[in-house]
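*Asks:* Next come the chains, spelled out residue by residue.
Number of protein chains: 2
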Amino acid sequence: MSNIRRYDKDDNTSYALGATLSIELLKTRPDCVRRVFLHSKLNSQEVISTIHELIEQASTSIAIETNDKAFRILSQKENCFVIAEFEKFTAPIDGRSPHIVLVNPSNAGNLGTIIRSAVGFGLPDIAMITPAADLFDPKTVRASMGSLFRLRFSHFDNFGEYMSAFPNRPIYPFMLNAASIDLREVAMPETFSLVFGNEATGLPDFFASIGTPVQILHSCDIDSLNLPIALSIGLYAATKDNRFSR
Amino acid sequence: MSNIRRYDKDDNTSYALGATLSIELLKTRPDCVRRVFLHSKLNSQEVISTIHELIEQASTSIAIETNDKAFRILSQKENCFVIAEFEKFTAPIDGRSPHIVLVNPSNAGNLGTIIRSAVGFGLPDIAMITPAADLFDPKTVRASMGSLFRLRFSHFDNFGEYMSAFPNRPIYPFMLNAASIDLREVAMPETFSLVFGNEATGLPDFFASIGTPVQILHSCDIDSLNLPIALSIGLYAATKDNRFSR
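For the record, the sequence lines run as chains A and B. Quick note: to get the numbering used here, add 101 to the position in the first sequence (first position is 1). Quick note: to get the numbering used here, add 101 to the position in the second sequence (first position is 1).
Mixed in with the good hints there might be a few duds.
A pair holds if it fits inside one copy or across any two, identical chains being indistinguishable in the list.
[To be verified] In silico SDA-like cross-links for lysine to any residue, where the CA-CA straight-line distance does not exceed 20 angstroms:
| no. | residue 1 | residue 2 |
| --- | --- | --- |
| 1 | Lys170 | Asp235 |
| 2 | Lys240 | Asp324 |
| 3 | Lys240 | Leu284 |
| 4 | Lys142 | Ala171 |
| 5 | Lys142 | Cys181 |
| 6 | Lys240 | Glu291 |
| 7 | Lys178 | Lys240 |
| 8 | Lys240 | Asn208 |
| 9 | Lys128 | Asp324 |
| 10 | Lys240 | Ser325 |
| 11 | Lys341 | Ile282 |
| 12 | Lys110 | His256 |
| 13 | Lys110 | Ser325 |
| 14 | Lys178 | Ser141 |
By construction, these hints were calculated from the structure, which means they are not laboratory data.
Work the whole structure out from these sequences, hints included.
*Replies:* As structure tokens, this is what we get:
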């Protein structure tokens, strides 16, 4: 058995903490899973047999071991009884799809919530402008509720590099200033890029001259909406003609 | 000087952690502030003079003291240099306004984010069905970015008690099941109640027969949207005819 150590962003592997996340990972990306740790206190026969079935169906070999020490090292939560260790994967964004562009997002929990909304509204392509929070941080994985495993993502050093890679797309920077258009009045085409800034600082001023700057109007009693909230409202508005299956 | 101790939900006082929150508190509810603690490392002359001005303008007497021990007890964050201690206040919801009804919300951070959106979209009346996360938990205060100080709120033991107190209102329970109406197709009147369930469980099934159950459609790749996200999209849709000042 190789060593188990607390997650580090430079590692090649990360962890899905909890039964729900681990099962979602085994369903969506079984090829990435290396090991599954079970806690000796795990007593759900349904969870145990689901995990064994998914591991048997996988085309690669996945180790499974009861190992309470792994939980002491990797999880701070008391109600975590399954952990899946997985290799970080790549899944580049698709040039024919709408994109979300995150400029320097800083918080792993927010990033996970954003991914959950992005996948939820059928826009699973996220371009990240670095420096950026870590997509594979177990906190991101957890906040995404496993939707990270369905994400396509690419990293860019700056916004110009993104625009060079994907030229001629309608760009909608979400701004906090008054020069931008009310989101309610925007009619988006089929392919577009929604651009959002950092939690604390928003987008730099120069985005006001790129594409069509958009604003979500709110009362002056708050400075701004929370980033995942603003982004999700943007996704709701941008997908208003989509018919998600019930 | 009276004792300083870590926040407990049964205390009569709570804390605004950080300069921004403390200043917002001193601006919106100066009558509630008891003491302001400054850290000896606070070196922003602007912050110091703003706080002194606001304390002078207050009609009640507010103590101010440099006290590094208070920060060790009350704050886990390294960049917190101002703490305002305040008395918990009451501000009952208004029967003429739209309401948000939260049925058993469990997470303080989520609750703060919800309050920020509620105040941001001009619907600052929240009915809480207990058990519920603590509105005055410093985590709630922080996540609300100070918008808590502009909130009106009332607690009820169950939803029936809320309905008895505010009868004859159009009720919109946000449900996860397929029997409900697509939010995009709902035209809301001027006064209404938007009802949201617990983060993990959603609303109990019996809400399907109360008022007009509503659903935010999303792809089947996620189980549900995050609670503050769903609620904020609901607020965005419900206020679509409001004209917030730019």
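*Asks:* Run the structure past the numbered hints and jot down the numbers of the failing ones, going up.
*Replies:* 1, 3, 6, 13
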